[in-house]
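*Asks:* Protein chains in written order, with this note's numbering: chain A, 4 to 116; chain B, 4 to 117.
Bear in mind the hints are in silico, worked out from the structure with no lab data behind them.
Take the hints with a grain of salt, since some may be wrong.
When the alpha-carbon atoms are kept at most 25 Å apart in a straight line, the in silico BS3-like pairs for lysine-lysine are as follows [as the list claims (entries may be wrong)]:
#1 Lys60/B with Lys60/A
#2 Lys18/B with Lys74/B
#3 Lys8/B with Lys45/B
#4 Lys16/A with Lys61/B
#5 Lys71/B with Lys60/B
#6 Lys61/B with Lys74/B
#7 Lys61/B with Lys71/B
#8 Lys18/B with Lys71/B
#9 Lys60/A with Lys45/B
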Amino acid sequence: KAGVTQTPRYLIKTRGQQVTLSCSPISGHRSVSWYQQTPGQGLQFLFEYFSETQRNKGNFPGRFSGRQFSNSRSEMNVSTLELGDSALYLCASSGTSGIYGYTFGSGTRLTVV
Amino acid sequence: QQQVKQSPQSLIVQKGGISIINCAYENTAFDYFPWYQQFPGKGPALLIAIRPDVSEKKEGRFTISFNKSAKQFSLHIMDSQPGDSATYFCAASINTGTASKLTFGTGTRLQVTL
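Bound conformation, chain B alone (with noise of 0.2 Å):
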């Protein structure tokens, strides 16, 4: 019930191409979806995050798709760019308001090619 499913394991997209990961849940009562970018080395840092009252959310180049019926939710990539070569997670939380934790999806592997 905790788990969240984030597929593909691994992505190689075009520089300008579009990267679309996806990420699928079972709780529903889940009630925040962010998304995580991890570079090698470093810790992951929150790239974007949407609440599931919201169908869409845009932040420059990444939007976030969040479909509730389907219990899936996806992040966009337009205009792909080497810089944004990294590891990517999804995410999902029940926040009690006192006791909070983040139950992650495995990780994509993105890479950008010239």
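Okay, chain A solo, but in the shape it has when bound (with noise of 0.2 Å):
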């Protein structure tokens, strides 16, 4: 079966600007998890989403937000870029097992200049 597919893969975007990325969970899986990868911050969780609602949420600020779509794809965005946000973002896609059935995609890395 298909993995968890994260578009797009590569993206380059000026400080101030906003993104959103997506992200194809496996089919039948309901829960899509975000994370963000830096060198020095690691794998850090931002928020999870179920049946198109957030069930839970990292320490992020407001800049980062998400949502989910009916067929369980979701997207995250954040406004107004900074030097900072530049990572590698990840999503987990899990069925009923939630965090014991994490399957992630291979991100989309973001460089914000």
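Given two chains presented individually in distinct reference frames, assemble the corresponding complex, making use of the accompanying hints.
*Replies:* Here it is in structure tokens:
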């Protein structure tokens, strides 16, 4: 079966702009979680969506937001980009087993210049 | 309280040797401890996981050792192979049933040499 698909794979944006990243989960998975990966901070939890509802949220500023659609696809948005937002953004999908069944996508590499 | 500390930051092991990566945690409410393997350009992939009611779990060449009293757990890779060269992350989680997240260690870059 198809894995978790994240688009685009690479993005270059300018400070102050906003960006939207997309994640298509494995078919049948209803939970999508987002993580930010940087060399300095490692992998940090952003938020989790389940059946179109945000279930859990990490310690990120309000510039980071997300949503989930009825087909379980999820988007995350970062507004007013800062240089420090440059990172690999990963999404993970899972079925009813939650974190026990995480499958990560290959990520979107965002570079802010 | 949510932090997971991982060491070493990098590790070089000869082919056939044993790779050992250690993690320590503070929050005694953590109840799930997975290890993830990440290759360049890919997302992390679950390698092996353990619950705190078990002291050791083995899957092939990979073993997790868990010491609840010391709040430490480690990954042992036996007979390390060049194909094991990757970054390894330990993680921990509190599963509240309806909402959960993983807290990751900072990662260990493993290089297995010939």
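*Asks:* Next, verify each hint and record whether it holds.
*Replies:* Hints and how they fare:
Distance restraint check for Lys60/B and Lys60/A: the Cα-Cα separation of roughly 31 Å exceeds the 25 Å cut-off, and the hinted pair is therefore not satisfied. Under the criterion of a C-alpha separation no larger than 25 Å, the hint pairing Lys18/B with Lys74/B is inconsistent with the structure, at around 30 Å. Between Lys8/B and Lys45/B the CA atoms are separated by roughly 23 Å; this keeps the pair inside 25 Å, and the hint holds. Our distance criterion of 25 Å between C-alpha atoms is broken by Lys16/A and Lys61/B, whose separation comes to about 45 Å.
Our distance criterion of 25 Å between C-alpha atoms is met by Lys71/B and Lys60/B, whose separation comes to about 14 Å. Between the alpha carbons of Lys61/B and Lys74/B the distance comes to roughly 19 Å, so the proposed pair stays at or under 25 Å and holds. A threshold of 25 Å between alpha carbons decides the hint, and for Lys61/B with Lys71/B the separation of about 17 Å falls inside it, so the pair holds. Of the supplied pair hints, the one linking Lys18/B and Lys71/B is violated, its CA atoms being roughly 31 Å apart against a limit of 25 Å.
Distance check on the hinted pair: Lys60/A and Lys45/B sit about 24 Å apart at the alpha-carbon level, within 25 Å; holds.
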